[in-house]
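Colleague: Working from the sequences, and respecting the hints, build out all of it.
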Amino acid sequence: MAESRQSLGVLEYRSIATGMKAADDVLKTADVDLVFAKPVCPGKYVVLIRGDLSAVNAAMERGTSEEHAAILVDHCILGNPHPSIFEGLNCSGDVENIEAVGVMETYSVASIFEVADDVVKTTPVNILEIRIAKGISGKAYVVFSGELSSVEASIEKAKKSVIAKGLLLQTSVIPRPDPRLWQEFI
Numbered sequence: 001m002a003e004s005r006q007s008l009g010v011l012e013y014r015s016i017a018t019g020m021k022a023a024d025d026v027l028k029t030a031d032v033d034l035v036f037a038k039p040v041c042p043g044k045y046v047v048l049i050r051g052d053l054s055a056v057n058a059a060m061e062r063g064t065s066e067e068h069a070a071i072l073v074d075h076c077i078l079g080n081p082h083p084s085i086f087e088g089l090n091c092s093g094d095v096e097n098i099e100a101v102g103v104m105e106t107y108s109v110a111s112i113f114e115v116a117d118d119v120v121k122t123t124p125v126n127i128l129e130i131r132i133a134k135g136i137s138g139k140a141y142v143v144f145s146g147e148l149s150s151v152e153a154s155i156e157k158a159k160k161s162v163i164a165k166g167l168l169l170q171t172s173v174i175p176r177p178d179p180r181l182w183q184e185f186i
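Sequential numbering of the sequence shown, starting at 1, is according to my numbering.
Taking lysine-lysine pairs in the DSSO-like style, the calculated list, with each CA pair at most 30 Å apart, reads:
1) K38 to K165
2) K121 to K38
3) K28 to K38
4) K160 to K134
5) K134 to K21
6) K157 to K134
7) K165 to K21
8) K121 to K159
9) K21 to K38
10) K159 to K38
11) K134 to K159
12) K28 to K134
The calculated label-pair distances, taken between Cβ atoms and stated as ranges, are:
13) K21 to K134: 14 to 24 Å
14) P83 to S137: 24 to 34 Å
15) S149 to T18: 43 to 53 Å
Just so you know, the hints here were simulated from the structure itself, not pulled from any lab data.
All C-beta atoms, glycine included, are put in the ideal place defined by N, C-alpha and C.
Modeller: Okay, structure coming up:
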């Protein structure tokens with residue numbers, strides 16, 4: 001995908017039926033690529049689109065319009081998301097020689113993308129995984145790795161952002177995680 005097609009839009013709806021309709025409206029509004037559009041727990045519908053910033057903005061405006069606002073849980077636009085956002089969705093982070101991990105769990109899919117992108121751009125951590133709502137009761141989480149002090153700083157920074165929106169569920173920092181954790185985790 002061309003470099004100019006790097007903007008990411010995330011829409012999270014509380015209804016599958018109307019979420020699918022909203023997703024269709026979004027895709028018909030602008031030249032965007034569909035990254036993900038699926039029902040997730042507990043009966044939500046999540047849409048991820050990618051494209052030029054202007055196209056993503058136009059599509060997101062349609063997806064958050066008055067027609068869809070009543071079913072909208074959360075949304076965000078990342079103008080130039082860090083490449084590890086997409087790697088995290090595929091659980092492709094390096095799990096070798098990890099000094100520490102931080103885990104943030106939220107009630108919203110969109111908030112996890114905002115936090116993950118901000119933290120990985122501003123603190124020296126890596127994203128190991130981003131999990132969105134499917135099979136986890138509609139919650140989302142991100143797992144960061146790095147030096148212990150960096151992981152602690154990233155979690156504190158992320159907490160401030162998510163607490164302000166009222167969407168924080170839990171966080172944890174795990175120093176020197178046992179390597180066996182990754183056998184089932186990632």
